[in-house]
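A.B. asks: Turn these sequences into a full structure, and let the hints steer you where they fit.
2 protein chains.
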Amino acid sequence: MQSYINIPPNSDFSIHNLPFGIYTTENELVKRIGVAVGEHILDLQFCQNMDFFYDLDFDKKVFYAQNLNSLMALGRATNRIIRNRIQEILLEDFGFEGLIQDYGLVKQSEATMHLPIQIGDYTDFYSSIEHATNVGKMFRDPDNALLPNWRHLPVAYHGRASSIHISGTNFHRPKGQILSEDNKTPIFSATKALDFELEIATIIGSSSKIGESISISESQDYIFGFVLFNDWSARDIQRWEYQPLGPFLGKNFFSSISPWVVTIDALEPFRVESPIQNPPVLDYLKLEGLRNFDIHLSVAIQPENEEETIVCRANFKEMYWNVAQQIAHHTVNGCNLNTGDLLASGTISGSESGTYGSLLELSENGKKPIQLANNQTRTFLEDNDTVIMRGWAEKDEVRVGFGEVKGKVLGIRIELV
Amino acid sequence: MQSYINIPPNSDFSIHNLPFGIYTTENELVKRIGVAVGEHILDLQFCQNMDFFYDLDFDKKVFYAQNLNSLMALGRATNRIIRNRIQEILLEDFGFEGLIQDYGLVKQSEATMHLPIQIGDYTDFYSSIEHATNVGKMFRDPDNALLPNWRHLPVAYHGRASSIHISGTNFHRPKGQILSEDNKTPIFSATKALDFELEIATIIGSSSKIGESISISESQDYIFGFVLFNDWSARDIQRWEYQPLGPFLGKNFFSSISPWVVTIDALEPFRVESPIQNPPVLDYLKLEGLRNFDIHLSVAIQPENEEETIVCRANFKEMYWNVAQQIAHHTVNGCNLNTGDLLASGTISGSESGTYGSLLELSENGKKPIQLANNQTRTFLEDNDTVIMRGWAEKDEVRVGFGEVKGKVLGIRIELV
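Going down the list, the sequences are from chains A and B. Quick note: the first sequence, position 408, residue 409 per my numbering, numbers continuous. Quick note: the second sequence, position 395, residue 396 per my numbering, numbers continuous.
Don't read these hints as lab results, they were simulated from the structure.
Heads up, the list lumps identical chains together, so a pair's fine if it works in one copy or across two of them.
Here are the simulated lysine-lysine pairs, DSSO-like style, with alpha carbons at most 27 Å apart:
1. K287 x K193
2. K138 x K185
3. K32 x K62
4. K193 x K210
5. K185 x K287
6. K108 x K409
7. K138 x K318
8. K138 x K369
9. K193 x K138
10. K210 x K409
11. K61 x K210
12. K32 x K210
13. K32 x K108
14. K368 x K138
C.D. replies: Listed below in structure tokens is the structure:
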């Protein structure tokens, strides 16, 4: 497929990808829906104003919204038709090439990206067996790292939607209760164990109804797409607070997502087998078909004014529990999902040290500092460190990437009195 | 204070209360904002159309919204001025009495109530020391029922906002994984341990910013009001799933709130001292002033076509952690609160058996059936049981009540194939 737009060969945003996002420019301060292509954004309001969707049957108002929710709520079948048309618009024989080049494209470097969706509920899973085992060893019992339920259901908890921000937003080092050195008395302190967590988040397109359960096979039609997700964590706050009801302030101070929502249709070519699950799962979690996705991931740490160091390379395909099972489990009790809900995967870790998706695991809870390119080391994050996560699928010279999610840790917030 | 409206002497909705809600009628299908007074609803669109707020400086569009969020976002000071004016409108010397009686009032019996707010994030605390102790004994260790962190911070977790419904909505008995009798292997089953939890939920009026912490003294100005909250729970699902990340499917299938939001200003006369906290708390949780509220609570079970039995009488004033501390803790790490967020108290239990706010505690986890008026007994809820919670404050012949929150347990949902 050849576009008249110059797309660099290694671009995350090839003609096969076409992820959706929300942007503004210096001249256009009202948020608009666009699709990333190479180093540009195709403006969907422009396309609608040109009547490029004239023969397709859906409510065109969705292109004038300031988030993707109404577009996503059209459902997967319609979203696929819209995406196919957008691909046609960008190919050589569509026509209007000059008009599109002159009026329909914005350089990504001249745009500011915004949260693409109005987030409803945010759920965080815990679906990597390597991550759950590593954390279980450190937080609980080295000999029984996985709790008895772990292999029977995709463990999850609800997270905080209000503090999820778009890539590029920075945040202050959080404060809270942590245990003092006597290991008994809490003190009030800035976190001394600030961490990242490498995750991919599923974005729900179609809503389900309360009382309904979504089956494994139906699950794929409820998905609009995926983003990279950094579930920043304060390990010392988390460790003190998390029993018995789970993580709270150790997580909810800030989370970051990448700006471009890669659709499930763009990722179809990258489906792979899931890991074998043993013991066998209950019927409602039983798989047929290819349910995992082969997505390469990396995490880099960049100290202020220094070059970055890649500290983790992992792959989404190794997840023990996949997105289909997560949705089936989430709704098996009748809990409803809504357009704009976000289901994060949990930290994605592989089986070797350089594939762990958090500093907690990479540094063995601070015992083994990791080396950066500038000859510094890190156990946990320091002030002014930037964390950059990237993700991409690649096969038969087709590349579908997420771009990146990044954020910088500012020092503690100084209260003005 | 004498109103020209006939308010029954024992009404929850006295002239001192004036809670806000969202309603429709047979003739008026678009949701409207109203205030409960006696057996009536005062329509605030009517009041605005009559220009009763002409001299007050705020955006009058809030009265045409279909939820309370924009009204709540005006902030506590403005909400107090609006509430004071509404009280004046209802008093004898305001004038317009005939017009108001004829065009401004709707009988509650002729109205359908709706969710009063668009819920942002929902947080559930665990703030009753009696409840935490009772549950800790049954779920964990009778000798160490309270975990080490419990007296140092108000333990909380994030819950599911999408499945919170208005009083009167019924739901199907949830299904999920529970442990089989061998206590090792999970099976798929409808819950056999369906429970209620008696709670009060705080509704946030003003938003805070990410990175900001709200102090104990500032906390009161972020509150719009309170509702009754039934945190329906499936104990067998919860027990199997909840470690290590907290409750999930055991809770998120359904929750119920009462329709009338009682403002914090209406509850000011009912402030009381908080229980003494020992060991002393960290500075950011230190109290001054009266932070607990004296609110009587009851829970009744009503089997289908039978009379109800009150199974619990409790009081909100006994909560170990209060709302001011909950807000200070929730934001101490920089987590932001938004208009429409809901902070539930956790189950409200007193120190004696008849004051426990859940069947888990009342029946000692099924070991001690409780007696109903119709000579049946209950350990957990049966199909077609209705649970009714009520709450009211009363002092010096002034009564400020919540009305009730109720819901019925339907049998398991039959899937249509």
